[in-house]
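Visitor: Those protein sequence lines, which keep their order, are chains A and B. Position 241 (the first sequence) corresponds to 241 in UniProt numbering; numbering is contiguous. Position 53 (the second sequence) corresponds to 53 in UniProt numbering; numbering is contiguous.
Which residues of chain A face chain B? A few of them, derived with a C-beta cut under 10 Å, are:
hint	residue
1	Ala-41
2	Ser-42
3	Met-80
4	Met-112
5	Pro-114
6	Leu-118
7	Ile-120
8	Val-195
9	Val-210
10	Gln-221
11	Leu-224
12	Gly-251
13	Ile-261
14	Phe-262
15	Gln-266
According to the in silico footprint, chain A covers these stretches of chain B (three or more CB under 8 Å from chain A):
hint	segment
16	11-17
17	118-132
18	256-268
Hints are computed from structural coordinates only; laboratory data are not their basis. Yeah, the Cβ is synthetic: ideal placement off N, Cα and C, and Gly gets one too.
Each chain is listed here by its residues.
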Amino acid sequence: MSQNRPGIGQYVLLTLLAIVFLYPIWWAVSSSLKPAAEIIASPLSIGELTLDNYRAMFADVPIGTGFLNTAIVLLVKGGMTMVFCPLAGYAFAKYDFPFKNLLFGVVLLTLMLPTLVLIIPLLLEMSALGWVNTYQALILPGSVDAFSIFWMRQTIAAIPNELIDAGRVDGAGEFGIFYKVVLPVIRPGLAALAVLTTMNIYNDFVWPVVAVNDTAHQTLQVVLSTLAQNVTGNRIGADFATVWGELLAAGSIAMLPLLVIFVLLQRHFINGILAGSVKG
Amino acid sequence: MRLRSIRLTPYVFIAPFFVVFGAFGLYPLIYALQLSFMRWRGGSEARWVGLDNYLYLLTSPEFWSSLGNSAVMWLLIVPIQIVAGLGGAVLLANAKLRLRGFFRVAFIAPFVTPLVAMAQVWIVVFDQDYGLINYLLNMVGLPDVGWLTSTAWSKPTLALLFLWKTTGFAIIILLAGLQAVPGGVYEAASLDGASRWRQFWSITVPLVRRSMAFLVVIQTLAVFQMFAEPFVVTEGGPYGSTTTAGLYLYDHITASDLGTGAANSFLLVLLVFGLSLVSVRMLRPKDEVS
Chain A
1 MSQNRPGIGQ YVLLTLLAIV FLYPIWWAVS SSLKPAAEII ASPLSIGELT
51 LDNYRAMFAD VPIGTGFLNT AIVLLVKGGM TMVFCPLAGY AFAKYDFPFK
101 NLLFGVVLLT LMLPTLVLII PLLLEMSALG WVNTYQALIL PGSVDAFSIF
151 WMRQTIAAIP NELIDAGRVD GAGEFGIFYK VVLPVIRPGL AALAVLTTMN
201 IYNDFVWPVV AVNDTAHQTL QVVLSTLAQN VTGNRIGADF ATVWGELLAA
251 GSIAMLPLLV IFVLLQRHFI NGILAGSVKG
Chain B
1 MRLRSIRLTP YVFIAPFFVV FGAFGLYPLI YALQLSFMRW RGGSEARWVG
51 LDNYLYLLTS PEFWSSLGNS AVMWLLIVPI QIVAGLGGAV LLANAKLRLR
101 GFFRVAFIAP FVTPLVAMAQ VWIVVFDQDY GLINYLLNMV GLPDVGWLTS
151 TAWSKPTLAL LFLWKTTGFA IIILLAGLQA VPGGVYEAAS LDGASRWRQF
201 WSITVPLVRR SMAFLVVIQT LAVFQMFAEP FVVTEGGPYG STTTAGLYLY
251 DHITASDLGT GAANSFLLVL LVFGLSLVSV RMLRPKDEVS
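Given these sequences and hints, build the entire structure.
Guide: Right, dumping it as structure tokens:
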């Protein structure tokens with residue numbers, strides 16, 4: 001417990017844990033590069049490498065469309081989060097105004113609102129608006145979310161007021177102060193917000209699977225899930241192995257972009273979670 | 001003029017949230033409440049039925065079994081995650097640990113992977129006839145296990161997916177709590193002759209209580225809403241054993257039984273809020289009870 005030099009036992013435990021966490025990812029990616037029949041025949045060995053699973057997968061499912069749709073949603077919805085949530089967080093952290101506590105209470109309450117309760121009425125709202133199978137439906141709900149506001153408020157509250165007053169004395173407008181004084185100071189927090197937002201939008205599944213049923217607007221995760229549902233229908237002979245190969249190829253290719261972003265920005269990401277969480 | 005603009009500024013800054021929340025949060029919420037008192041199946045006219053949907057659910061075996069499935073999942077996930085998360089956090093907390101950065105990244109990597117992608121990997125790895133896990137079991141002379149095909153194993157197998165994916169997140173959250181502990185506290189305690197076990201219970205656990213409460217609440221919300229795991233991996237089977245509360249709610253949508261679905265979601269919200277309140281109360285430090 002105390003800050004002694006950690007013993008060998010601690011390293012053994014940590015290494016075992018790391019293997020448990022990393023092996024499924026490694027196994028999925030490495031197996032996706034093996035001939036499909038080999039995944040079944042010898043799941044542990046890695047011999048011949050091939051891109052056959054990827055070719056078959058690209059031929060079978062519109063994964064390119066999935067990536068494109070996810071990218072569109074990510075840019076617009078993520079962009080809205082990155083612009084509006086720091087602004088709202090700034091207002092809650094550094095201004096005094098009537099009903100501030102009440103309004104912030106509403107923000108916190110919506111944090112507790114489970115997505116599931118909204119799904120059915122949101123779906124009906126979308127169909128009343130004629131928005132089923134549109135980008136608006138994928139982008140607008142949840143585009144300025146309570147968690148990001150709450151978290152930006154915490155980050156911005158840590159900035160000394162003197163810094164903001166100095167900006168005001170220099171004659172900057174209210175938005176100018178936000179843009180020129182606040183934003184540069186919270187850059188690490190913004191980077192973490194960007195990673196978290198990217199992750200949430202990229203991995204989002206429940207709402208996209210309900211809001212969209214045509215192939216043209218399906219996001220990556222929805223495309224992947226339709227592929228998975230083919231498995232149960234194809235549990236025979238060679239087809240079976242082929243579908244497995246395709247599943248692992250699709251899973252790997254969907255995993256990699258986020259893993260790469262994560263490894264590049266992991267310091268921001270982890271510090272972001274650390275800063276945003278409740279401390280003892 | 002200038003003062004006036006400052007007075008309006010904060011409202012302008014927070015307006016986007018309230019516009020989006022009003023249109024896609026509050027409005028559907030009120031609509032859902034109204035809908036939960038109506039019968040609306042397929043193409044038929046919606047009509048007011050009072051509490052019928054709620055009574056129907058409360059007397060329906062499927063509703064209770066979906067809650068039961070979620071409750072079992074909760075038991076399989078939350079206590080294990082808290083213990084494993086705390087263990088992992090304690091192992092990582094030492095500043096003199098080498099490769100600390102690597103371990104942090106390794107533990108949280110699963111949290112970053114898309115759930116649907118990993119759910120697919122689970123289908124392949126836990127397949128009864130050709131999966132990796134049974135292959136390994138056979139290698140050491142053990143028989144096949146129907147991980148996803150037997151009602152006894154389907155829930156633990158899905159729970160394992162959830163645990164694998166989110167325990168790294170729990171470790172980091174608890175680590176944040178632990179790092180708030182000044183190092184000197186432990187040194188003083190060991191000088192006073194407190195054993196490591198004693199130090200753990202008297203210093204570490206009370207300090208991360210708040211983080212634990214936070215974790216229990218968000219994971220309770222997540223487990224009772226669990227949807228993608230059973231949707232992709234088991235489709236709720238075998239024999240409904242993995243039809244979680246979240247998946248059962250989705251069944252109302254596919255069956256175009258929206259009134260019942262709305263009522264179901266409110267019952268679920270009440271339950272989740274109740275559970276969250278209870279867990280916060282139980283995890284609150286004793287001196288704060290008022």
